[in-house]
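**Student:** Protein chains in written order, with my numbering: chain A, 48 to 605; chain B, 48 to 605.
Be a bit skeptical, because a hint or two may be false.
Pairs count within a copy or across copies, as identical chains cannot be separated in the list.
Below, simulated EDC-like cross-link-like pairs (lysine to aspartate or glutamate); rule was C-alpha separation at most 20 Å, straight line [said to hold, decoys possible]:
hint	residue 1	residue 2
1	366	263
2	98	67
3	136	498
4	288	597
5	63	77
These aren't lab readings, by the way, just hints derived from the structure by calculation.
There are 2 protein chains.
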Amino acid sequence: MAFKSDIEIAREANKKPIQEIGAKLGIGSEHLLPYGHDKAKLSQEFINSVKDRPNGKLILVTAINPTPAGEGKTTTTVGLGDGLNAIGKKACVCIREASLGPNFGMKGGAAGGGYAQVVPMEEMNLHFTGDFHAITSAHNLLAAMIDNHIYWGNELDIDTRRVTWRRVLDMNDRALRDVVTSLGGVANGFPRQAGFDITVASEVMAILCLATDLADLQKRLGDMIVAYRRDKSPVYARDIKADGAMTVLLKDAMQPNLVQTLENNPAFVHGGPFANIAHGCNSVIATTTALKLADYVVTEAGFGADLGAEKFMNIKCRKAGLAPDCVVLVATVRAMKMNGGVAKADLGAENVEAVQKGCANLGRHIENVKSFGVPVVVAINHFAGDTEAEVDAVREYVASQGSEAILSKHWADGSRGSADLARRVAEIAEKGEAQFAPLYPDEMGLFEKIETIAKRIYRADEVLADQKIRTQLKEWEAQGYGNLPVCMAKTQYSFSTDPSLRGAPTGHSVPVREVRLSAGAGFVVAICGEIMTMPGLPRVPSAEAIRLNDAGQIEGLF
Amino acid sequence: MAFKSDIEIAREANKKPIQEIGAKLGIGSEHLLPYGHDKAKLSQEFINSVKDRPNGKLILVTAINPTPAGEGKTTTTVGLGDGLNAIGKKACVCIREASLGPNFGMKGGAAGGGYAQVVPMEEMNLHFTGDFHAITSAHNLLAAMIDNHIYWGNELDIDTRRVTWRRVLDMNDRALRDVVTSLGGVANGFPRQAGFDITVASEVMAILCLATDLADLQKRLGDMIVAYRRDKSPVYARDIKADGAMTVLLKDAMQPNLVQTLENNPAFVHGGPFANIAHGCNSVIATTTALKLADYVVTEAGFGADLGAEKFMNIKCRKAGLAPDCVVLVATVRAMKMNGGVAKADLGAENVEAVQKGCANLGRHIENVKSFGVPVVVAINHFAGDTEAEVDAVREYVASQGSEAILSKHWADGSRGSADLARRVAEIAEKGEAQFAPLYPDEMGLFEKIETIAKRIYRADEVLADQKIRTQLKEWEAQGYGNLPVCMAKTQYSFSTDPSLRGAPTGHSVPVREVRLSAGAGFVVAICGEIMTMPGLPRVPSAEAIRLNDAGQIEGLF
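Just chain A, same shape as in the assembly (with noise of 0.2 Å):
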């Protein structure tokens, strides 16, 4: 049997007007702001609106360390999101929006997969409603501003050497990642090293995502650091002025979008900040709107548990206020097997064993999210190839550890595939046994958060830092800063910093190399390996098989 592509599935959708997806969620269509006929932004007025009704049930997804295997977290989102849908809850699905730059680079993009997708598919993978674009212009225009802040005079006497605010494209260039600027003249400024990240990689990102309104927004955009003097005092966004301006050009891009999934549910698609040097989670505002107009609300977290459902938890629902009451954790017998030591083109053999010797990396991602006070059931995303011997050993291996894990068909099938999934996450929801708390008070010292998340987390004997780095994190404590959470930046391949230490080791040390202070978003990072901010396109970068047929329709793109 020929499977159909997820493109194709996406052509296919019989999709509704969106104001018809809207009215399921008891959006008048006066509240929502047409982008074409099947996107639409939410009013900032209805959001006030709803402001004071109960919440629905909060449900994360999350999943094992990644693999070139293909977890499938957003289609399991989507799934489960349709599946609630199916049984009769009333349900909503919030994620994250795509880059632009790397769907030139490697092939990529989708929003889901199979019959568990987001629609219009294409434009959530270009430009979409404009968000990334507004954001890449706020904060250029700030960069703008403190080059020419120095070019007429540099009162507030900024240090060239330590303008700490680089520029963004949502692009993929190498080229622009490491540049001197102000060259050709006493016309254009004064010359110094400078550079580009991917827009996604921007604090102004992180903070669209964690604010909760437009003043809120220009008050963290204020907030942020973009220089030092000679003498180390910090430069905020608000010295150069730029707050106000901004806050006028994410106006829109703070309002949370509004689209549909393959079976006409509604899904907001809102935000979408690294998972590495930020918390990688779609917006609070979105999650906490769905939150009022929904009595389910599924959504997720980047990369594994280990980093994905620690920043949600530590970072996201502790600033926004949120408590999930059931945790979804995805998982593969591909990815099992990988785990287990399998390579990727032995993954098409029945292998028990390894699917057996894989599952510590899940055992541990369950004991890590009970250790939140969440209840945690694990997703079997079905994969065609997955025999029952080796379905059946993750679901034992699960039991034993006190959980349970559920086969789920999303994929092949939509909500009756997920139907089952659905009923028991809102089983365990219902019940309301949830008792959420973060992992670490705010009070705890920033080194020892580190070591906190580190230890109990990623089960690492230790954290290494230089003096260097503690010296800097006690004096961010010093200025008033110790109270943030901290966002750990390392690989996302394994509990540890080493990528190919698959499994669920112990006994490693997390080395930290560099602290960031995001004053900002609100958060301290500390960076654990190297972290790739501008990404490179491939020798043959997707972009030349992209091209619209003769239909109209894009090629290459996925």
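We have chain A already, so just place chain B on it with the hints.
**Tutor:** Then chain B, alone, in the frame of chain A:
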């Protein structure tokens, strides 16, 4: 009496849903892709479906050489459109989109003024429907692919000193004019001199505004020259295989944007190329489509008639097969006074003599426009302080030149104020006396084309150019580019290349400093003076005062 500001008037606009505006042009709501409730893009299917309809009348609004007094070309375009509708003609306005970046420098923005405006004004001056962001993305994708090609082995043998394709941002950022990229070591590529322009200066913008459809767009994008080899042979965007993906990024940007005037009449606002290194007109696709939908299409060209109308005729009309039926030349009493030697501070006092003296500038523009075989009528855009004697002086002068000047009060009174102008324009257009022909044939040599414009339009005695420039033009002719029109880049403030030379100078020379080939847009640019393609911010940028007020309205942008 206190006048309301443009923004106050715009905010009080009684906007109708964009579907009602589309209906006035016979566009079904299924063919309008809405962006909010007051903006929409026209579907390609609809554009295709009207291709065989007869054309309405085409009216070009142009002006005398701009002075700091302001002429009100867009205001008159909008006012005339409303006036034509008010006297019972089915009329549509076609104007350019605004660039985002400059709004954060000088207080700017607006689309028309007073009671002759297009709305929604704020959004048209911010992200609007994202067209310029799409151009930025497409342009920079090509840039990234060029450096990526070099990085992976440079099979095309590009001379890295001769990469002519720069990058763009829609931002005033002088620090980016001249940069060195790919610093930082092996992983970041080969360091080279590079730079950024503002997005409106991109050749992609000029192409979007000249392309007839998506196939033509892709062909032109592929034709762009991006670099040269050591042997000086050109490398095209097609060689980089970027043309397909760029077209995908520009797919929606190619569709004209429909908005409305304060009087709820339809206006297409689409494209906005520079008026010096490019041709400075809204898109061909907007103008040609509007001509199928309305009996009258009122459009404008950049700067004064010496640059804007000349390029409209010799580039846009020639290439798109358009022929204007009447030209409206906008003049103001204040601008006549400045051309007659009065300083800006003294414009308040009546000075009939200065008006008479300044009319020489107007007279030459009348003569020039007539030389294209198109009837011309002068619109005196009324300012509150104009005296009757001053207005009469302009009227008499214009009559002495065999034309007619009509006082138009659209700024203060909307269509009531422009009804006289509208009636006269309709009379002229309906007589069908225009015998449009471009100034020079395709077959003329490139240097002779420059001379023709310099002598017949600017009334210069001679064109000065180094042998190097003349040789370059000959080389392009040998390569098959000799049939292209030329695009003059000179100061907009004078017929000459000296911005301080007002009135109607003669006996001057036109020095050509540089020539550039825009092979995709399809013209040769002759640069006759300093042309700035990346503006800077002033000492106190307007961005510092731009913010949202407590009512959520934008302050400081206008």
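**Student:** Checking against the hints above, which ones are violated?
**Tutor:** 2, 3
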